Amino acid sequence: MNPVRLVFADMRRSLGGVMAVIVLVGVAVALGVAVTAQERALRQGSARAAEAFDLVVGARGSETQLILSTVYLQPALLELMPGGVLKRLAGEEGAVWVAPIVLGDSYEGLPIVGSTSDLITSGGKRRLDEGHMFVSRHEVVVGADVPLALGASFEPAHGLPGPRAESGDVHHGAPYVVVGRMARLGTPWDRAIVAPVEALWTVHARGTGHSAGSARIGPPWDAHEVSGVSAIVVRPRSVADAYRLRGRYRSDASMAVFPAEVLVAIYAILGDARDLLAIISLATQVLVLAAILLAVLASLSQRRRQLAVLRALGAPRAYLFLAVWIHVTVLIAAGAALGLLLGWAGTLGLSNALHAKTGMALPVAMTWSEAALTVGLVGLGAILALIPAWWSYRQPVAEALRS
Amino acid sequence: MGLDLEVRGLALSYPAASGAGLDVLDIPFFRVAAGETVGITGPSGSGKTSLLYVLTGIERPRVGAVRWGGMDLASLSQGRLDRWRRHTVGFVFQEFHLFPGLTALDNVLVPATFDHVAVPGWLRRRAVSLLADVGLADRGVPAARLSRGEMQRVALARALLSEPGVVVADEPTASLDAESAAIVADLLLSTCRAAEATLLVVSHDERLLDRLDAVRRLQGGRLIEQPSPAPR
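These protein sequences, in sequence, are chains A and X.
First residue of the first sequence? That's 379 in this note's numbering, and the numbers climb one at a time after it.
First residue of the second sequence? That's 312 in this note's numbering, and the numbers climb one at a time after it.
The set of hints was computed from the structure by calculation and includes no laboratory data.
These numbers come from a predicted model, not from an experiment.
Some clues are possibly wrong.
[Stated by the list, open to error] Listed next, the stretches of chain X that the computed footprint assigns to chain A, with coverage defined by at least 3 CB atoms under 8 Å from CB atoms of chain A:
id	region
1	357 to 369
2	384 to 395
3	411 to 423
4	426 to 432
Backbone N, C-alpha and C fix where the C-beta goes; we use that ideal spot for every residue, glycine too.
Input sequences plus hints: build the corresponding full structure.
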């Protein structure tokens, strides 16, 4: 027996209702898919962005804020840490390189970060996409997404990017020239303008860490007094060194943080939110399935006579059972497939929007968990479809023909 | 080849609100010869349609025997009864009951999908031939676009697909205009006679009834005239 042609003819007849059901299931599935896929994309994107930051040392305060401000360049003022800490860290045996981070200036909403070439090249491992590394205090290297061409010059503004930027307070007389562009990192640093740390110290009338009158940039900072920094990024020589340095710089004056530690705490919160949203979306899917089943049962009671005609023509009861089961299962399967597509497209759209907002690339992928969610829903739908199928199977023919 | 029908001691009743059964049919004896064309008429509510349902195994009687070609329908399981009906009985309804989403040809082939995963070529050729016999050249036209007369002709072709020994028609001309009713009546009689199928027609259409071998009148669930095979 093969009721497929009849089922599809029936679907064509009520195309509007069929499409409505498919879209309804699709949206419910898309919600579930988007929740898990987006949470994973956020997790992977944020972890990837933190890869270059093994150990971050900052003034005592919020560890989360320290990581958000340095790794993700979220605009927030950090307490300055005494420059002595930078000087001490730079001399540590267990550190391959140490790079200060000084925040506080911006240009057209883009953060200007004072640091060293080690941070840009990850200690010489990463090459620039174009141009060359800054060699003087008025040169800058920009991220891949900074809309400034090589050779362009600009004057920095005082203040962090964002609503609180003091954009009117321009550091006149201290123009920067773009001399290099970083390769794309897929992190907020793609929108950063990195200047020599001495340049930021200079425009803020602070000591440069070098002898008076010296134009030198980069370590060692051998002046008696080194200006304060927002944070310090450390590349340890080994895991043991990483832990040793973390322990040593957790003091009254500073805190040392592995970004991964902070991320794990954030992921725990994110995971809880995901679990809650997943439960809500699952409940939505079950409600949608229940609504569809009720609609199918209502529509079947209107089509009792049509089913009875099939029986009068000699259709076995199993034929009706199969026809109704296929009908409902196809609707749910089509809706689930649409939901997978919508969920993927929605996640991609949201990830792109977040990337446009934060600069952080969020890798979107459909994995087994989304496939399992979709297949699970189709499986549940196929089981629930047995109810109307059984109802059809049991219908008395003569009574339905007379109805 | 048509099958002969013999009904003995048939009684059908439905449960009533009062608790007592509502008697619908009470037919001590009724016989139709193989290949005979018989009309059943009577006032509304006299049990004509119920009789058709009982004779085709759609409804089981409270007591009594319905024998087609000597085989008692009561002896068949539900599955075998369904199989017997789809291979032995062709049904024509007053309201045609075509499936609007299917073409004329696919409607004729619906009963073939009960037995086959893919409709065999010979059945498809037979369906095409049957549509030609009932005068429907455009077999690809969707059923919803057919006139009522054309719909009933497609329904007739569908009823004849399995070369049934018995054709049962419930008011086949009642929903049609006079011209279409005459065409359908012609086709019903000519095709059944050509196939030597036994034809039972429930109808009020005198012009159709006049052309049948015999007519039985049903009143209050009882056949008024005693069955006696009429000469053909």
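Verification of the hints:
Given a C-beta distance limit of less than 8 Å, the hint that chain A covers the region 357 to 369 of chain X holds, as 5 residues qualify and 3 suffice. Counting residues of the region 384 to 395 of chain X whose CB lies closer than 8 Å to any CB of chain A gives 4, which reaches the minimum of 3, so the coverage claim holds. A stretch counts as covered by a chain when three or more of its residues have a beta carbon under 8 Å from one of that chain; for the region 411 to 423 of chain X and chain A the count is 6, and the coverage holds. Requiring three or more residues with a Cβ within less than 8 Å of a Cβ of chain A, the coverage given for the region 426 to 432 of chain X holds, as 4 such residues are present.
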